[in-house]
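Trainee: Sequence:
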Amino acid sequence: MGRIFNVAGPCNPQKHYMIDAARRLGAEVFSLISEEQFFVIHAARQTGKTTLLVDLTERLNHEGQYYALYCSLENADGHPDPETGVPIILNAIERELTLNCFPHLDKFKEGAKIGGSADALQNALIAYCRSIEKPLVIFFDEADSLSGQTLITFLRQLRNGYVNRARYSFVHSLGLIGMRNIRDYRDQYRSPEQTLGSISPFNIVTSAMTLRNFTHEEIAELYAQHTADTGQTFEEAATELVWRRTQGQPWLVNAIAREIVQNITKEEPQSPATAQMAEAAIQTLILQRGTHFDSLMARLREERVQRVIEPIITGGTGRVDPNEDDYLYAKDVGLIRDDRKKVEPANPIYGEIIVRTLNWRTQQEIERHGAAYQLPRYLKEDGTLDMDYLLRDFQSFWRENAAIWQERYDYKEAGPQLVMQAFLQRVVNGGGQILREMAAETRRVDLCVVFKERKYPIELKIRYSEGTRDEGLKQITAYMDTLGVDAGWLVIFDRRKTISWKKKLTVKKQSVDGKTVNLIGC
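First residue of the sequence shown? That's 1 in this note's numbering, and the numbers climb one at a time after it.
Rather than coming from a laboratory, the hints here were simulated on the basis of the structure.
Computed from a prediction, not measured in an experiment: that's the story for all the values here.
Using N, Cα and C, we set each Cβ at its ideal position, and we do this for glycine too.
Careful, some of the hints might be misleading.
Cβ-Cβ distance ranges computed for the label pairs, FRET-style [claimed, not checked]:
no.: 1; residue 1: SER465; residue 2: ASP321; range: 49 to 59 Å
no.: 2; residue 1: GLN510; residue 2: SER207; range: 36 to 46 Å
no.: 3; residue 1: ILE4; residue 2: PRO272; range: 12 to 22 Å
no.: 4; residue 1: TRP360; residue 2: GLU74; range: 25 to 35 Å
no.: 5; residue 1: GLU83; residue 2: LYS109; range: 14 to 24 Å
no.: 6; residue 1: GLU235; residue 2: LYS497; range: 48 to 58 Å
no.: 7; residue 1: ARG368; residue 2: LEU483; range: 31 to 41 Å
Heads up, simulated DSS-like pairs for lysine-lysine below, C-alpha to C-alpha not over 27 Å straight-line [stated by the list, open to error]:
no.: 8; residue 1: LYS474; residue 2: LYS341
no.: 9; residue 1: LYS497; residue 2: LYS455
no.: 10; residue 1: LYS509; residue 2: LYS497
Please build the complete structure, drawing on both the sequences and the hints.
Mentor: Encoded structure:
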């Protein structure tokens with residue numbers, strides 16, 4: 001069997017198409033190891049961390065200067081008591097030493113028996129490092145799965161060994177690897193007002209690095225490996241679309257290609273992979289809602305994540321501080337990006353999943369209780385979408401259900417945007433799609449309904465002041481210019497309780513620079 005696009009577990013170059021993970025980390029890691037440093041490598045789930053660690057371990061062992069050990073701490077998850085957590089860590093290290101046939105395993109076992117959970121790990125590593133003829137390098141994977149006093153005890157013993165290396169042998173260099181930076185290990189242990197003093201166990205790392213996503217060129221390089229093996233090509237437009245929709249997120253890049261190769265072109269394996277196939281694969285992945293998405297979207301229920309994501313959904317004006325722990329956490333776990341001078345979903349596919357996750361219940365209830373709100377109702381004779389009719393229906397729906405729907409959302413500030421997008425989603429599921437552009441501090445949300453190759457731009461805004469309408473007109477016309485269309489819809493939600501529904505629910509047309517803007521009041 002030939003190589004495949006991998007979407008589960010570490011990559012193996014003999015079995016999988018892959019891009020060297022070390023290339024995405026940079027050469028700094030080798031300098032840190034040679035300088036005897038302790039460091040952190042953090043990146044979102046399924047970006048290649050374990051693949052990287054296995055490769056680094058094999059490379060260091062092959063070069064022969066060090067004994068390099070990969071050790072997962074995943075089994076210690078859920079064991080905050082060090083009396084049970086530390087023995088699990090010791091067993092994990094012992095198992096890896098055994099599997100790698102490293103010498104003097106007995107010395108590690110003897111050291112582990114000295115003292116209790118507060119110093120057994122340190123004693124075991126001291127005894128082992130004294131017995132071997134080469135420096136020891138350890139990569140602790142899933143380090144952020146540790147919690148409670150197990151985490152503190154683990155870090156304190158590593159720190160004690162680190163600061164006393166002039167007096168006795170200890171680990172030469174050590175990496176803590178997980179989704180989060182070490183600052184967030186601290187935050188999960190204690191509330192901000194607590195302190196661990198000047199000798200905090202979290203003060204043990206020299207550097208924190210992260211794995212970057214694939215570049216556009218690396219996506220093309222990955223897909224070219226498949227072409228070299230099978231002859232099936234990926235058209236340039238397909239690679240471009242994958243880059244644009246994924247921003248190089250490794251799991252997404254592989255999953256799209258896998259869907260094309262194993263399902264879409266299964267009967268014609270030599271058919272070139274097109275942009276249309278890539279889009280079909282993306283829609284399949286979104287509808288399947290696999291574990292990759294589920295584990296990521298589960299974090300939307302966390303209050304600290306909500307504080308960051310809600311302004312993105314609403315285009316809210318509240319300042320998102322890039323130095324706050326909530327912001328850094330959302331970025332570390334892979335939900336957001338900020339490299340384009342704005343805070344937005346990490347990629348358009350995640351943006352789509354975020355919205356669909358938050359308004360899924362609304363979509364289902366619209367389908368059960370609003371049988372009239374289905375696609376055939378909004379089709380013109382020529383098969384195009386009657387967006388004016390659709391949005392007038394939404395006005396009626398919003399008037400009847402606004403108070404009920406908004407109260408059901410944890411993300412209450414984002415209620416209008418989420419309900420509107422749920423309403424649109426149930427309609428366009430019959431044959432169209434919604435492209436979303438969301439970012440914090442923009443004071444708007446840009447949507448483009450694509451149906452039968454026609455584009456229907458919609459701007460969603462919350463009324464903040466008398467100037468909201470004029471601001472919205474400028475924004476929607478600029479968005480229309482970007483899309484190359486001459487008709488668009490500006491929807492303004494007026495949340496003032498002192499204004500009657502009769503005054504809120506308005507429909508007007510306005511010409512702006514030769515373009516037609518339909519103003520929809522809600």
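Trainee: Are the hints correct? Go through all of them and say.
Mentor: Against the structure, the hints come out as follows:
| no. | hint | result |
| --- | --- | --- |
| 1 | SER465 to ASP321: 49 to 59 Å | violated (24 Å) |
| 2 | GLN510 to SER207: 36 to 46 Å | violated (55 Å) |
| 3 | ILE4 to PRO272: 12 to 22 Å | holds (19 Å) |
| 4 | TRP360 to GLU74: 25 to 35 Å | holds (30 Å) |
| 5 | GLU83 to LYS109: 14 to 24 Å | holds (19 Å) |
| 6 | GLU235 to LYS497: 48 to 58 Å | holds (54 Å) |
| 7 | ARG368 to LEU483: 31 to 41 Å | holds (33 Å) |
| 8 | LYS474 to LYS341 | holds (21 Å) |
| 9 | LYS497 to LYS455 | violated (34 Å) |
| 10 | LYS509 to LYS497 | holds (25 Å) |
Violated hints, listed in ascending order, are 1, 2, 9; each of the other numbered hints is respected by the structure.
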